[in-house]
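2 protein chains.
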Amino acid sequence: MMTAIETKARAARAAANRLASVDTATKNQVLRDLAAALATRRDEVFAANRADMDAARAAGLPGPKLRRLEITPQGLDQMIAGLRQVADLPDPVGAVVKEYTTPSGLAVRKVRVPLGVIAMIYEARPNVTIDAFALCFKAGNACFLKGGREAAHSNALLADAARAVLHDHHLPEAAVEVITSSDRDEMRHLLTLSEYIDLVIPRGGTELIRFVHEHARMPMVQHFHGVCHVYVDEFADRDKALAICVTGKTSAPATCNATECVLVHQACAADLIPELVQRYTTAGVEVRGDDAVRKLAPEAHAAADDDWGHEFLDMIVALKVVPDADAAIAHIQRYGSNHTDAIISENPDRQARFIAGVGSSCVLTNASTRFNDGFQLGLGAEIGISTSKIHAYGPMGLEELTTQRYVVTGSGQTR
Amino acid sequence: MMTAIETKARAARAAANRLASVDTATKNQVLRDLAAALATRRDEVFAANRADMDAARAAGLPGPKLRRLEITPQGLDQMIAGLRQVADLPDPVGAVVKEYTTPSGLAVRKVRVPLGVIAMIYEARPNVTIDAFALCFKAGNACFLKGGREAAHSNALLADAARAVLHDHHLPEAAVEVITSSDRDEMRHLLTLSEYIDLVIPRGGTELIRFVHEHARMPMVQHFHGVCHVYVDEFADRDKALAICVTGKTSAPATCNATECVLVHQACAADLIPELVQRYTTAGVEVRGDDAVRKLAPEAHAAADDDWGHEFLDMIVALKVVPDADAAIAHIQRYGSNHTDAIISENPDRQARFIAGVGSSCVLTNASTRFNDGFQLGLGAEIGISTSKIHAYGPMGLEELTTQRYVVTGSGQTR
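Protein sequences, first through last, are from chains A and B. So the first sequence is numbered by numbering that gives the first Met the number 0: it starts at 0 and just counts up by one. So the second sequence is numbered by numbering that gives the first Met the number 0: it starts at 0 and just counts up by one.
It is worth saying that the hints were derived from the structure and are not from the lab. Take these hints with a grain of salt, some might be off.
[Unchecked claim] In silico lysine-lysine, DSS-like type, Cα no more than 25 Å apart, as pairs: (1) A/Lys97 to B/Lys64; (2) B/Lys97 to B/Lys109; (3) A/Lys97 to A/Lys109; (4) B/Lys109 to A/Lys109; (5) A/Lys97 to B/Lys109.
No experiment lies behind these values; they were computed from the predicted model shown.
Could you build the full structure based on these sequences and the hints that come with them?
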């Protein structure tokens, strides 16, 4: 007998076969209709979210998690705007990536096609539910969304809204399935269904990634943590360095592209660090520094060993003095997470050395780590930032939710 | 304590870090020097291969497997030519895939970088050892090659030749590691080393793929079997159909892109099938047909249930009459392997319907399934044909052995 989740996965596979050939105009209308439905059903959305928030508060969920769980009026406006933005993006399905004729006279096209069924496992952030559905659907994929049990009411309501719109368009409701249970056995079972699910995207912390890594029998593209570094070189522009280091933490401390650790070349440490620490402190950021930092700025806290390579996701930053660029690169190779790293330097050789030495999905010179983001890098939207090297590395937008195959037109060629 | 294989994997990781920045000219020279070395060491290669062949014959290895294991003089010439061809191909590393400036003034480049360490697990085909090393190395990757215990002497000699050339160029010999043991425990252990190995490519039959699928803890791109179909539509050109169906099997029956099953529209069955079966029989191909086929061509054998979806890799073909194009598509969806499928038809609507209905990595109209091949499709060379949708789908050449990351140049941008 098929389990309930297997039945759902099978329905998702059938839905994916149907979605692969839905025309762009219909897909865009579904996204716009869902935007309109959410605008109409605002009170329902807030009521469902309130039920989640009340339960989370009662369970003593910490502040940053509560803030991610909450759907504010502005947050709902952003979800609605996001749906319309994805509707406005070009459809990746059917796009011809390459086109050429071989010496044998074959007309070859390399064409984007949907992946099929995508399972996404993430935290209690209801906005991700709508973003992920919008991107998966526009790229012709069905999706299984498993988004943190604390968000169960919110996610169920949002998925219900999406399924109602699909139904109105005579499209299979199984195109989106929200799983609200957090039963580990059920998750393990889901992760074995490689016959129906083409890709799993875990997006979250160490424990979640490890669990999926351990149990998934289908390909995985992980969105792991961002331990993002800024290296301030001896040839840095002081003002740029200060602005980039401070705002890289303060503008959105709980995001994966926030700056978690700043490495300062010893040649500019004395000039830079006292002011940097002061600015951080004024902005409410706790600085955890090594001995060299604390000599220059005694108000900094002492960094513990596990502050290096730590994703704080909070108003905390680690700060260290390094003897040279190579030491900065070595530190990042050891403690970084292949997410995002930046160098502040006006010296092209140093920039090149840093770029060559640091293998992250996004390496920046003289810009904030916060720019490793699908919107900021021009992808239009993103489902998250991949720290896997296979299939997609960095922000995953619509194109990264497709694959490419060969469509070949001959005139009787044999070999 | 580190196991021997872990030590090797760690060395491969270090070698990969070094290979990532080796310039194109040096890489090409290594490949040309290896070609020259193999030309000089012909007798050694044949002697090593003879040791494998003798043992394989004594062990009773079947004919097709013996033919794959043997290094003939022509086979060695092809390996040598292959090395020179890969040297002549453009270097994918550092290629800029996209380049643009964002509204925020960031100069964004999406750049190809090596994957790192690639493990490849394949059958006793020594030519694959050289091809795989050439492609992995040119794309800046270190490789772990595990190629069928029957080929142990041949592979050890070939790897030794490669390592000697690497040594001469002051490059790490750990850039290529050949594993000759077929110990399952050792394989299982290798497949857990996700810290050192970025990608595993299993290329082979059901049992091998299942084993790797079960045990691999790193990403996998599988090169699974090719159950390639040709559908002869009612609007087919008769001569094209006959030529494509017959040569698609006879030109290289043991390859993954050989035609294994022909589906014929009932409207042209009476006209086509008697001659098709006669041509197959004349060429030495055993035809296994359904009842409708055997009514038209009594010399055909009766197909058993498991002949549908079977990869014969031999001079055998399955043949079936279908009521219409949809039935052909449904047959392929059920029995195909997402490898290669072709339609023979002069009718554009039928072609489009077939292309939309069949999801394989390569879909052809009016051309042989044998064209799904890196050389034939213009990739220059291939490490195999992926039947995974993630990362690469279809022939994998140099580009598919890299990933892409973002290199961003700012002028002090914050957000």
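Status of each hint after checking the structure:
1. A/Lys97 to B/Lys64: Given pair A/Lys97, B/Lys64 is violated - Cα atoms ~37 Å apart, limit 25 Å.
2. B/Lys97 to B/Lys109: With a Cα-Cα distance of about 5 Å, the restraint between B/Lys97 and B/Lys109 holds, given a limit of 25 Å.
3. A/Lys97 to A/Lys109: holds, 5 Å
4. B/Lys109 to A/Lys109: Distance of about 20 Å is within 25 Å: holds.
5. A/Lys97 to B/Lys109: At roughly 17 Å apart (the allowed maximum being 25 Å), B/Lys109 and A/Lys97 satisfy the hint.
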